[in-house]
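Listed in order, the protein sequences are those of chains A and B.
Counting in our numbering, the first sequence runs without a single skipped number right up to 546 at its last residue.
Counting in our numbering, the second sequence runs without a single skipped number right up to 447 at its last residue.
Don't read these hints as lab results, they were simulated from the structure.
Note that the coordinates shown come from a computational prediction; the quantities given were computed from them, not determined experimentally.
Any given hint could be a false lead.
[Unchecked claim] Simulated restraints, written as ranges between beta carbons of each label pair: (1) A:Pro431 / B:Asp272: 56 to 62 Å; (2) B:Thr121 / A:Ser111: 25 to 31 Å; (3) A:Thr334 / B:Gln322: 52 to 58 Å; (4) A:Pro30 / B:Lys15: 22 to 28 Å; (5) B:Asp344 / A:Lys293: 40 to 46 Å; (6) B:Val284 / A:Asp48: 50 to 56 Å; (7) A:Pro30 / B:Gln213: 55 to 61 Å; (8) B:Gln104 / A:Pro30: 32 to 38 Å; (9) A:Gln45 / B:Gln322: 22 to 28 Å; (10) B:Glu49 / A:Lys44: 50 to 56 Å; (11) A:Ile397 / B:Glu49: 27 to 33 Å; (12) B:Glu123 / A:Asp35: 41 to 47 Å.
Quick reminder that beta carbons are idealized off the backbone N, C-alpha and C, glycines included.
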Amino acid sequence: MKRRDFIQLAGMGAGAMMLPMPSFAHDVDPAYLLDPGMDVKQKKQLADVALNTAKSNGATYADVRIGRYLNQFVVTRENKVQNIRSTESFGLGIRVIANGTWGFASTNDLSPDGIKKTAERAVVIAKADSKFQKEPVKLAPVSNYGEVSWNTPIVKNGFEVPIKDKVDLLLKANAKAMEKGASFINSLIFLVNEQKYFASTEGSYIDQDIHRIWPNFNLTLIDRQSGGFKTRSAFSSPVGMGYEYMDGLASDKVQGPGGITLYNKSYDMVEDASMAAEQAKQMLTAKSVEPGKYDLMLEPSHLWLTIHESVGHPLELDRVLGYEANYAGTSFATLDKWKTKNFNYGSKAVNFLADKIQPGSLGAVGYDDEGVKTKKWELVKDGILVNYQAIRDQAYIIGEKESHGCCYSQSWRDVQFQRMANVSLAAGKTPLTPQQMVSGIEKGIYIVKDGSFSIDQQRYNFQFGGVLFFEIKNGKIEGMLKDVAYQSNTQEFWNSCVQVCDESDYRLNGAFNDGKGQPAQSNAVSHGSATARFNGVNVINTGRTI
Amino acid sequence: MAIFSKEEAKKILEKVLSYSKADGCEANLNGSNGGNIRYARNSVSTAGESSDVTLAVQSYYGKKSGVATINEFDDASLEKVVRRAEELAQLAPENPEFVEPLTQQAYGESKTYVEATAKITPEYRAQAAANSINPAAAKDVTAAGYLEDSNNFTSMMNTKGLFAYNKSTGVTFTVTMRSNDGTGSGWVTRDYNDVTKLDTVEASNIAIDKALQSRNAKAIEPGKYTVILEPAASAELLRNMLFGMNARTADEGRSFMSKKGGGTKMGEKIMDERVTIYTDPWNVEVPASPWTGDGQARKKMDIIKNGVVSNLFYDRFWASKQNVAPVPFPGNAIMEGGTASVEDMIKDTKKGILVTRFWYIRSVDPQTQLYTGLTRDSTFFIENGKIKHPVKNFRFNESPVIMLNNLETLGKQVRVSVDGGPGGGANFLIPYMKLRDFTFTSLSDAV
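Taking the hints into account, I'd like the entire structure generated from these sequences.
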C-alpha cells in the first residue's frame, strides 16, 4: 500500500491508523453527502456517449463507470476533535478492448466532449500497447441484465447522522477509556458511500449504491517506570452496513473465553473502550511466552487476517498467473496443483467459500465492476483446492464458463481488475462452542484480534501476532501472555486445523484497505469464521531489549 | 495545464486570499502530470497517464478551522471554495492544537526539478518495458515491471504574507525477473529526479542475472548470521526507525525513543558510533523540497550523529507546548557510507548471507522497533570469502536499532526510494552494510 494514498494521522504514535482516501477527492460540506447526485437517465446518456465513441474508434468491447465516491471521517484523541472531513470524488473511467488489448482512460470532465476525448484516448492506448500483446484478451460471456439497480441494505445512512452525534460518541468512548486508566486513546468513525453506474457494450446499465462503515480506536497504556507500553485496538470490524452497526445491541454481544466481550452485527464502542483499558493493564503485566509448540485457538477477530493472507491472496488467479509478480507476488497454489484435484490445502475440517453477496460483508455488491452478477463459490472443499477467484478475461484459463464476479476498481480514476472476494472459513457442522474447545486443549494459546502480520510473496511462510493472548493449560484459561507470535507454512497450518466451532460462533471481520496493483489500489473485504483450533503450531517469543 | 509556473500559481493564490473574510486563510495549490506503464508475463498489461491540479483552502476563526478543496480556477470557483472553507470553519469545534500559519520564511534554492523527466513520453515508457521484456525472453526469463514518472508543482500562500513554490520531477522503475523453470527470481529498483540517470537496459540485465544465479536455491538452517545488505534491503527498516523519531510520542512514553522512568533518548548513544544519518534537502543525489507542506523551511540537520540521537521531530504545536523550536519532518535521509565495495565485503566474510531485498516488513513490537519480514528475489550464501550458492528465503525478526549496533562494515551509498513512486516515496541515500548476528527465524519455500 502506498503511503501517498493515505492520510496518516499525525501524532497517532504506536499503532497509527491509516485512512484510505481516494485520489482526486474534494472536501465538501457534510450536507452535500446527502445530495442524490446525477440523475440515472443522465448517467445513461453519458455512458452511451462513451460506449459509442469507443466503438466508432475501433473498440470491440467497452465499459464505462461513472462513479461518485463519498467519504467522511471524524477523528478524535482523548478529549479533542482532531479532524472532521467530508469528501467527494466524481468522474468517469472507460475501459476498452482494441486489437485484442485493454486500454483505459479516465476523466473528471463529464461534458460529452470530455467523455468523447477520454474514450478516444482509451482506444489509442489499447492500440499502442497491442504492439507488445502476446495473448489477446478473451472475455467470458456475461448476461445482458438491462437497466438494473442494487443497494447495500442499510437501515440508517451514516451521512444522515449529525457530525455532532459522531463526535459525542467518540469523545464518550475516549472519556470512558481515560476514566478506566488509559494513557492515550485515538478513535475514529469512517464512512464510505460508492455510488457507481456501470454500462458496457454487452447491454447492461447498472446503478449501485454501496455503503461501508468502520469505527475504530487504539488505546495505549504506559508504564513510565518500566518504560513499557501496550496498545489495545478496538474489537470492532469494518462492515458493509449503515450506521445501525453503531447500535451496540445486547443481542450482538458475545461472551468469549477469558471473560472477554466480542461483537457480532453491531458494536458498542463505549463498552469496548472501557474493557480495552482494563485489558491493557493485564497486557502490560502479562507473562512473557515460553517459545515452543502450542495448540492455537484462534478467535474470528484474529483468524480473518490469517485467512486473508494465506487463502484469499494465493487463490487470486492473477497472482497465480504472474500478473502481480513485480509487486504483491505470485502464489504457491499453482494451476498444476489445482489440476490434480487432490491438493490438500487443509484438513478435512477446512472449507473455504468465496462470496460477493453475504449481507453485512465489505465485498457485497449486486454486480461487480465489469457488470457480472455476483455469487458465492467454493475455493477449498473438505480440504481440497477446487477453485480460484477469476474475472471475465481469466475465466477460460481455469475452464470456467463465466466470471466469478470479483472485478473491482477503487475509484472511477483507476482501472478495474481482479480483487479478492470475501473469503471465509465455513463453520463446523458438529455443535461446538469456544468454551468446549478450551476444555479439550492441554497446552495452548487463545488469540483474540489481529496484530502484526507478514507473509512471503508466494504465501508459504507467515508470521502473525495478535492483541490478547490467553494461556490455556489442561482445559482452562490461565491468564494473559505477551510477546507471542506464531510462524507456520500455509499448507501445514491449514492441515493442522482439527476443529472449527459451529455456526453460532461464526462472525465477520475484515479490512478496509487491502492493497494490490501498480499503481496501488485499495479494496475492502470481509472474512468470516468461527473460532478454530490448530494443533502443534510454532510460537516464538518477540520480546527484545534495546 | 497541470503545471502552473511560479507566477501563475502566485496570481491564483493572491486571488484566493483576496476573497478571505476569516481571521486568516492559507491556500495550497498543487498539481501533477504523471504517466506509468506496467508489464507482466513478458507483455504490457496496463499503461496510463493522469493529470490534476488541486487547490486546498484553510480558513480559520480563532482556533476553529475548515478546509475546502476544488480543481476549477475561474474567479467564481475561487470565491466559492473560500466561502465553503469559511462555512466549515464556523461549524467546526475549537481545535486546541490549532497553530496559526507562519509568516514568510527564507527558503533555499530547490534542486528537485529536471526538465528531461518532465518530458517523458508514452514511447519512452514503452521502450523501457521493451528493454526488460526482450532480453528476458531471450534468456528464458519472464519480466514483470513498472515504470512511473511525474512532473509536479507545489505552492502555498497565506494571509500572514508567506508564499512558497517548488517544482519537482521523479521517475521510479522496478522490475522482477523470474526464470521460466520457476526456481530463480531477481529484482532491481531505481529512483531518480533525473531520468537521464536511469538505464533500464542495465537494470533489467542485473535482474536477469540474479534470476539465473538464484536458481535451485538450497535450504540452510535459520539462525543468527552475518549479512551483507544491499541498500534496498535496509531502506525500509531505516525508514521505519526514522518515522518513529517523533518527539511527541517519545515525550508521551509510547515510542522506542522514550526512556525508562520518563524523558527521551535525545543525546544518548543508541547504536554503533560509525552510524551517522542526516537530512539535506540540497543533496544532489536525493534532493528534497526546501519547504514542508505547512511552509516550514527545511535545512541540513543531523538525525543520528556518531550513533547518538541528535534530533527528534517536533511539529509546530508540540514544539510550542514544549517550548522548543519546531523540527520539521525531513524530506530525505542520508546515511554516511564507507569505502568498501561489495566484493571487499564478501571477501572478508567467513560465513554470511548476501541479501538483495526484504519484503512484507511489518512491526512486531513498536517499543523495541522489532520488525519481521522476508528475504526475496535472490539471497546467497557466502563462505570463506566467496559466494557459494543461492539459499532459500528466510524470515527475519530484527530491530534496526539492534542491527545498527551490530555494524561491521559500511560501503558505497545508493539512492533508494521506499514506497516508491515519484513524489510519493521517501528518498534515501543508504550504504551497503555488513552486519553481524542478524536474526533469521524460519525458512520460506517462496521463490
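Hints violated by the structure (numbers, ascending):
Hints 9, 10 not satisfied by this model.
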